[in-house]
Amino acid sequence: MGAPRPAIGERGALMSNTAPKLETPLDTFSIHKEGGPPFRLRDMPPHRIVLVLIGLALVASAAIFMRWDWLPSYGGLILQGLWRTIWILVVTVVLGFLLAVPLGLAQAAGPAIFAIPARWFCTVIRGTPLLLQLWLLYYGLGSLFPQYPWIRGSELWPYLRQAWPYAVLALTLSYAGYEGEVMRGAFAGVPKGQLEAARAFGMRRFTILRRIWLPQAIHRALPTLAGEAVLQLKSTPLVATITVVDLYSVASRVRQDTFITYEPLLLLAAGYLIITGIIVFLFRKLERLIPSRLG
Amino acid sequence: MTMSTASPLTHPSASQGEALHVSNLHKRFGALEVLKGVSLTAKDGDVVALIGGSGSGKSTFLRCVNFLENPTSGVIRINGEEVEMVSDGAGGQVPANRRQIERIRSRLGMVFQNFNLWQHMTLMQNVVEVPIHVLGMKRDEAVAIGEQLLERVGLSAKRDVYPAFLSGGQQQRAAIARALAIQPRVMLFDEPTSALDPELVGEVLKVIADLAAEGRTMLLVTHEMKFAREVASHVIYLHNGIVEEEGPPDELFGSPKSERLKQFIRTVS
Numbered sequence: 112m113g114a115p116r117p118a119i120g121e122r123g124a125l126m127s128n129t130a131p132k133l134e135t136p137l138d139t140f141s142i143h144k145e146g147g148p149p150f151r152l153r154d155m156p157p158h159r160i161v162l163v164l165i166g167l168a169l170v171a172s173a174a175i176f177m178r179w180d181w182l183p184s185y186g187g188l189i190l191q192g193l194w195r196t197i198w199i200l201v202v203t204v205v206l207g208f209l210l211a212v213p214l215g216l217a218q219a220a221g222p223a224i225f226a227i228p229a230r231w232f233c234t235v236i237r238g239t240p241l242l243l244q245l246w247l248l249y250y251g252l253g254s255l256f257p258q259y260p261w262i263r264g265s266e267l268w269p270y271l272r273q274a275w276p277y278a279v280l281a282l283t284l285s286y287a288g289y290e291g292e293v294m295r296g297a298f299a300g301v302p303k304g305q306l307e308a309a310r311a312f313g314m315r316r317f318t319i320l321r322r323i324w325l326p327q328a329i330h331r332a333l334p335t336l337a338g339e340a341v342l343q344l345k346s347t348p349l350v351a352t353i354t355v356v357d358l359y360s361v362a363s364r365v366r367q368d369t370f371i372t373y374e375p376l377l378l379l380a381a382g383y384l385i386i387t388g389i390i391v392f393l394f395r396k397l398e399r400l401i402p403s404r405l406g
Numbered sequence: 074m075t076m077s078t079a080s081p082l083t084h085p086s087a088s089q090g091e092a093l094h095v096s097n098l099h100k101r102f103g104a105l106e107v108l109k110g111v112s113l114t115a116k117d118g119d120v121v122a123l124i125g126g127s128g129s130g131k132s133t134f135l136r137c138v139n140f141l142e143n144p145t146s147g148v149i150r151i152n153g154e155e156v157e158m159v160s161d162g163a164g165g166q167v168p169a170n171r172r173q174i175e176r177i178r179s180r181l182g183m184v185f186q187n188f189n190l191w192q193h194m195t196l197m198q199n200v201v202e203v204p205i206h207v208l209g210m211k212r213d214e215a216v217a218i219g220e221q222l223l224e225r226v227g228l229s230a231k232r233d234v235y236p237a238f239l240s241g242g243q244q245q246r247a248a249i250a251r252a253l254a255i256q257p258r259v260m261l262f263d264e265p266t267s268a269l270d271p272e273l274v275g276e277v278l279k280v281i282a283d284l285a286a287e288g289r290t291m292l293l294v295t296h297e298m299k300f301a302r303e304v305a306s307h308v309i310y311l312h313n314g315i316v317e318e319e320g321p322p323d324e325l326f327g328s329p330k331s332e333r334l335k336q337f338i339r340t341v342s
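These protein sequences, in sequence, are chains L and U. Residue numbers for the first sequence follow the working numbering, beginning at 112 and rising by one. Residue numbers for the second sequence follow the working numbering, beginning at 74 and rising by one.
Simulated from the structure, these hints should not be mistaken for lab results. There's no promise every hint is true.
Each computed DSBU-like pair below joins lysine-lysine, with the alpha-carbon atoms no more than 30 Å apart [as the list claims (entries may be wrong)]:
hint, chain 1, residue 1, chain 2, residue 2
1, U, Lys116, U, Lys330
2, U, Lys330, U, Lys109
3, U, Lys299, U, Lys211
4, U, Lys279, U, Lys109
5, L, Lys303, U, Lys335
6, U, Lys231, U, Lys279
7, L, Lys345, L, Lys396
8, U, Lys116, U, Lys299
9, U, Lys109, L, Lys303
10, U, Lys231, U, Lys211
11, L, Lys303, U, Lys231
12, U, Lys231, L, Lys396
13, U, Lys211, L, Lys303
14, U, Lys299, U, Lys330
15, U, Lys299, U, Lys335
Being a predicted model, the structure only gives us computed values, none of them experimental.
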């Protein structure tokens with residue numbers, strides 16, 4: 112109570128002997144650890160310095176010796192493609208996960224009339240190429256619609272005649288199919304005693320699902336979900352085959368227009384790498400939000 | 074009425090009402106008949122200890138009382154309310170009304186052999202979960218009660234710790250606090266010390282003895298014979314799914330009548 116607490120970041124105060132000994136080190140609470148040992152090149156191991164130099168040399172030579180003069184005229188298109196790739200990824204991962212929860216639950220604990228269709232859905236989705244699913248939806252379903260005047264006249268037609276709804280649908284179903292299987296395992300993996308305790312205290316079935324079963328299942332599935340989200344990112348270029356202009360199709364466009372092949376592909380690789388890094392980072396943060404250690 | 078405004082730390086009702094009545098309970102798993110007509114009546118304040126060898130059906134009996142297992146036949150009355158059962162069409166019966174079961178369960182404080190604390194919640198979250206999400210209590214109120222209960226089982230300092238970071242004894246004491254938080258009419262203990270290291274058994278038994286001393290109604294399945302003799306008001310010895318012998322603890326342990334019970338007491342002591 113007496114002595115004023117040192118402010119977070121005032122590391123000097125903490126180091127001194129007069130500072131009160133805290134149960135939890137104050138560092139735990141500071142997200143941006145200020146200070147720390149300053150970065151010095153000579154502290155790095157030699158092999159790492161060499162690797163960094165090689166990496167820098169590669170980037171520099173790519174920048175100097177390769178052709179980047181096309182870049183300014185395609186800048187807008189690249190940003191557009193990047194944006195489309197990201198929103199398709201986010202929307203399909205979120206929608207797919209929302210579908211995966213009932214799919215997993217039905218397989219793990221549902222009655223046969225739900226469990227069997229759910230198992231079939233997951234098997235069919237996981238057992239056929241995504242490209243095929245995409246084309247069946249776009250060229251198959253999509254080409255049936257215009258034959259029905261009532262569909263052409265409906266409010267939905269402005270959307271149904273575009274390509275992106277089919278891309279979103281196919282990718283959502285795909286993610287749901289894979290995640291449904293993951294969630295089945297996650298639901299089944301929650302120890303029976305956890306649910307039995309909930310039942311023994313008079314919880315209703317939906318409350319048990321909401322408060323006990325689903326949170327523990329999601330926690331178990333999170334690392335796998337992160338991996339699947341990265342895979343989903345790398346499935347997005349397939350939408351280019353049904354005329355949706357994503358990041359990948361910008362690279363093809365550049366090649367067709369200018370006959371420059373490698374530079375756009377290199378840029379593309381860097382783009383996907385960065386997005387992957389962001390996904391991994393975000394899921395790590397999410398995992399840390401739940402600090403429990405499941406027994 | 075049993076709606077009591079008394080503190081959760083004291084027993085809600087001191088009247089000598091019937092808290093739990095079970096008559097002629099049968100339970101069959103396929104061809105195996107585990108319980109062959111077990112009856113029991115517990116008045117308020119009774120501490121009934123169920124003892125018996127493994128496979129005698131004592132845990133199954135306890136699990137039938139709050140319908141974690143559906144009894145094959147028999148009558149169960151809790152708080153004077155008889156549970157309605159209907160045939161399941163396969164020789165057994167199931168509760169007719171899920172809501173009735175849920176209401177009755179929320180008045181029975183179950184403590185499991187393996188604690189079964191919810192792993193994704195801190196101790197305090199475990200304790201307030203049922204009061205808030207089943208009984209509809211306000212959060213502040215539930216937390217205030219939870220603080221008293223954790224204090225009582227000696228875990229105030231661990232209120233924000235997750236169960237996996239605690240010893241078995243601490244987890245079981247927290248599980249007792251969780252069961253007390255619903256202000257139960259009857260406490261059900263299913264071998265509460267069987268999964269504990271020997272040196273942790275004492276701390277849990279002390280908490281249970283405390284509850285017995287303040288007059289809580291309890292049904293206790295245990296292997297701790299000495300403990301059963303000390304805290305129980307009535308002891309039931311189950312053997313092969315029937316009540317072989319029952320009575321006050323001193324009588325039962327002091328001068329057992331049946332040969333089986335004599336043998337059982339010799340082997341466990």
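Status of the hints after comparison with the structure:
no., hint, in the structure
1, U/Lys116 x U/Lys330, "holds (25 Å)"
2, U/Lys330 x U/Lys109, "holds (21 Å)"
3, U/Lys299 x U/Lys211, "violated (41 Å)"
4, U/Lys279 x U/Lys109, "violated (33 Å)"
5, L/Lys303 x U/Lys335, "violated (37 Å)"
6, U/Lys231 x U/Lys279, "holds (19 Å)"
7, L/Lys345 x L/Lys396, "holds (22 Å)"
8, U/Lys116 x U/Lys299, "holds (23 Å)"
9, U/Lys109 x L/Lys303, "holds (27 Å)"
10, U/Lys231 x U/Lys211, "holds (22 Å)"
11, L/Lys303 x U/Lys231, "holds (25 Å)"
12, U/Lys231 x L/Lys396, "holds (25 Å)"
13, U/Lys211 x L/Lys303, "holds (29 Å)"
14, U/Lys299 x U/Lys330, "holds (19 Å)"
15, U/Lys299 x U/Lys335, "holds (15 Å)"
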